[in-house]
Amino acid sequence: MHELSPMAFAISSSIKVFLVFSVSLAVVAFMTLTERKVAGFIQDRLGPNRVGPFGLLQPVADGIKNFLKEETMPATANRPFFIMAPMLAIIPAVVTFAVIPFAAPLPTPWGVVGMVVADIPIGILYVLALSSLGVYGLFLAGWASNNKYALLGGVRSSSQMVSYEVALGLSLIPVFMLAGNVTLTEIVWQQQLLGMWYLFPLSLAFIFFVISAFAETNRLPFDLPEAESELVTGYHTEYSAMKFSMFMIAEFSHILTASALMATLFLGGWSIPFWSGDHMFWYQGMLISGFGADGAPVAAAPALWITLLTLLSFIVKTLFFILVFMWVRWTLPRFRYDQVMHLGWKVMLPIALAYVMIIAATILVLDQVGIEGFLFGAVLTLVSLLCTGIFVFAVDRDRIISGSTREPAPPAPRSPVPSGAGVRRVLPAGSPASGDL
Amino acid sequence: MPATVKVLRRPAPGQTSYLRSALKGMGLTFKHMINPDKVTLQYPEEPLELSPRWRGTHVMEVHADGRPKCVACGLCPTVCPANCIRLVGGEDDMGNRYPIVYEIDEFRCIFCGMCQEVCPVEAIHVGQHFENAEYTRERFVYDLDRLMQQDHPSTLLWDPSDPRSE
Amino acid sequence: MVETVTLTIDGLEVTVPKGTTILQAAEAMGNRIPHYCYHPGLSAPAQCRLCLVEVEGAPKLQASCVTTVTPGQVVHTQSESAKTQRRGVLEFYLKNHPLDCPICDQSGECKLQDYVHEEGRPKGRSREPKRVLGRDDFGGDVLFYGDRCVMCTRCVRFMNEQAQDPRLTVVERGNRSVIDTFFEEGVEGSPYAGNIVDICPVGALVSKDFLHKARAWDLDRIPSICPNCSQGCNIELHVRDNLVQRLKPRDNPDVNQHWMCDYGRHRYEWMNRSGRLLLPKPGEGRHAGGNGAGDIALAQSLPEAGSWESVLGDLADLLVDARAEGAEVRAVASPFASNEDLGALRRFVDALGGGRIVFRSPRTDEELPLPGFPKLVRRRDLAPNVRGAELLQMSRVGSDDATGGLDDLVGFEGILVVMGDDLDDMAPDFGAAARVFAFLGPQVPRQLQAVTCLLPTVTHAETEGTFTNFEGRVQRFWPGLHTHGEARPAWQVLDLVAAAVLGDGTVPESAAEAFQRLADDHAVFQGLRYEELGTRGALVNDPVPLPGA
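Chains as they are written, first to last, in numbering that gives the first Met the number 0: chain D, 0 to 436; chain G, 0 to 165; chain L, 0 to 548.
Certain hints may be false.
In silico BS3-like links for lysine-lysine, alpha-carbon gap of 25 Å or less [as the list claims (entries may be wrong)]:
| # | chain 1 | residue 1 | chain 2 | residue 2 |
| --- | --- | --- | --- | --- |
| 1 | L | 247 | G | 68 |
| 2 | L | 82 | G | 68 |
| 3 | L | 122 | L | 94 |
| 4 | L | 94 | L | 82 |
| 5 | L | 17 | L | 110 |
| 6 | L | 110 | L | 247 |
| 7 | L | 82 | L | 122 |
| 8 | G | 5 | G | 30 |
| 9 | L | 207 | G | 68 |
Simulated from the structure, these hints should not be mistaken for lab results.
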């Protein structure tokens, strides 16, 4: 099994770009239908079922409708930015998918083709960089609309993005420590080697990543930038027809990418559990399935059926997370703005930092002791379970998300000392906890 | 229906959990998601079953010989809170009092059914009908002929299985 | 000093003149005893048996409509026995009643409905078939529904006592008794027969004219004065949908007691006439502002409606010019105009130098008196305010059908003001020679080409004001209809123009102020105050003595 010639690489990459782009857009289109179907099912309804069999042509109908609708342009909007904003929103969302490996490498007569559009070494950093760019589209939309609701939506979106980038990055550090790399293909490979999805040894990181991903994609319960009940529809209040549709495509592309990332980082990517036949990795110019007892690499045997099987595995994992996104959306109510900020900065940031320290210390200890392989993962799993248990049962006591009103604070004890310097002031009941943003 | 009151107490601070409650809620929604018993009515194919008390657009009852039962007594325009009935009484060639003009503006109508309640000769009825689509507003002013041609069942104004609406 | 009697009715003491009946005494203290056969304008036969009340000491219930009060009498109208009696009587009344309230014109103002609703049994107990009589044409405007009759005989007594023209009687006896006419013509031709419809307490006698026209509760009742002769009967306009539906007499013991004639009763349609003049505008042939000096194109483009300000302003300018050149003033008034309008016209003409004001009034040779109340006569002048016009030194011209008489104005070259007269019999070029021709009226005149200025005014049904009747009684009427378009009372229009011409800013703002100025200006009206006229009116300072008074 050899690598591709530069020519074949270029041709195969072009085909992959085209295929991945069109398939992901098609998936996005059907996600809109899935979202409405899931919403219907959760609410004991049937969802759209009139256009085509089971309503399958609904996205087509929506697309036609959005193309035919009138494009509105507010008289006082900033015209260039108003037009630019949907593009800025959609491009990062679509492009991010490029680094995600979606199947085992495919053998062809011209060589083995990696099933990833661009297997760049900085993989996850590319994802972080691009998904942060998405906020520019939303904020620009809010600002250029010259509408107070849109502006508020844009401001919320940017502050939320900034806040949760931090937690997102911190929740990824344990993954990097475990994988020793930021290349997504290698992260998949490391999970295969460990024989365990990172979901288990890094369970708290997984939880934080999921929460942050929800916030990054502006999905409920973090959809404050849209917040229909407060801000009409937030940053895209003034948008109609295809421009509006592009924001929707961007949001759903984000969901798709986030789901694929979760699957890749924590669920072993395209690998099929409990089967080593799909272990494949480019190691020093050759495709290996692992290392022999002597440490020599063992060549892998890629096959079309393995590629298809792993693709299926990837699709199932990604689909699961997409469904979770929708399921959560139709279950949880929206947070209050102060709750979002509280959760991001005062809960997730310190705990994620502490978790990084704990995992790092554990890995250090395990390396020193010389434990490897499955036992290594099992110990980490135990430690992570402990951390998760503490988080869920000890920290989550009215501290992660507090209720709308707290019980009235007990009246301040009448101090014999006249109030003045050095006397603690008791906050009045109902006021936001000091330090809340 | 006798009302039941469920008293919910706000939990003490430090006793609530967001994650666990959220998971509980997701369990509930999941149960509904996989529940095959859906409430959606496939409307044009499955007609809506209306309550016997449903009050929709009006029907004018007719005698066997095709005359309207209305005697133009003027009680319905008098009682109508929306003032949507226009009535001009007159006498036909048999000496019977009858409505020369009887118009109901279904747009102004609030479907309270008081016209039916007050009618001494059980002529005007509100009907069990809700599919009212027209191309012009004028078409919603139903004249006497239109009211006599309505063939949907008229309302009972009460539910026979629950006459005291308990 | 009238001798008085004090008695107790339902625990309240009341003092009334001697000779009063218990029913009247109770009425005086606001306690209405149910009754059918009693009517204040008729004799009381005490045959309806509904007004029976308990009088302490009397062995049986007494008919309150005929029992005169005695000192110290104690009357119970609501005692158990009186109520039982009324309930029983009402049940009998309903024995043959068809209960056809939905199609009965009396419904809503029916005494049987009222009393049964108040005190009757919820259900009748009779199982006998009901007697069916159908309906009968009594001639004239009267239809008779025998089934609804309660045999109070008010109609019979009215024809006997007031009209003194016995046309009706009771035939058969007991259960079968029914009102009937002597001859086929019924009440046809009796000039006051319409009153039997008014006094019928139930729906037995109804008006053909009003048949099925409106429900009693839909009608707005506005006190007014009958505009159809100079008797000035007090009436009510019954209005629905901004149309007069019928006229009903209103009590005024000085003028018409409880009655009115059929002639007046049926002449109300003209108040509902359409084709009204809606906006003030210059006449079609003239240009109000240009007066020949302006360009022709402008003159031709001007028969459009204007605002009151512009039209009256232009008219005032023309009048100032004409007055400066010493143009003569002549006016045609109308006896259908109110005292305020006539007074304003008189003032207007005087302000422009004074001139002759004429009016034309329909007249008939026949007087139609009501024998039972000789004061009430359908007078010869068939207009409400002939006397008022005469008191303001306006002279009657023309023939008895209100035509002719204006020949001397045909070629008149001064200022011509026509107020209220429709000029229907005059040629379309009438007044064309006049330097200024102002037309005030509710309808569009034939003389559109000749008129300088068309000023829409209201009819008496649309405004308030006063009429002076034949004997000099000034009586108020109230507005019953909405005005059409921009129409205004004539006194207001004339006063505004006069003020503009004279440069005198005082313009009355209400009919009361207009009347006050009339009373100040003319000795004959002096001392009268609008607010004090009330609903019975007041006599001017030189009333016509009545024959019987």
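How the hints compare with the structure:
1. For the proposed pair residue 247 of chain L and residue 68 of chain G, the alpha carbon gap of about 32 Å is over 25 Å, so the pair is violated.
2. A threshold of 25 Å between alpha carbons decides the hint, and for residue 82 of chain L with residue 68 of chain G the separation of about 38 Å lies outside it, so the pair is violated.
3. Distance hint between residue 122 of chain L and residue 94 of chain L is fulfilled; the C-alpha atoms sit about 11 Å from each other, no more than 25 Å.
4. For the hint linking residue 94 of chain L to residue 82 of chain L, the alpha-carbon distance of about 18 Å falls within 25 Å, and the restraint holds.
5. Between the alpha carbons of residue 17 of chain L and residue 110 of chain L the distance comes to roughly 29 Å, so the proposed pair goes past 25 Å and is violated.
6. Simply put, residue 110 of chain L and residue 247 of chain L have alpha-carbon atoms about 17 Å apart, close enough for the 25 Å limit, and the pair holds.
7. Restraint check: the Cα-Cα separation between residue 82 of chain L and residue 122 of chain L comes to about 16 Å, which is no more than 25 Å; the hinted pair holds.
8. At most 25 Å may separate the alpha-carbon atoms for a hinted pair to count; residue 5 of chain G and residue 30 of chain G meet this at roughly 23 Å.
9. Among the hinted pairs, residue 207 of chain L with residue 68 of chain G is consistent with the structure: their alpha-carbon atoms are about 23 Å apart, no more than 25 Å.
The structure fails hints 1, 2 and 5 (numbered hints given earlier, in ascending order).
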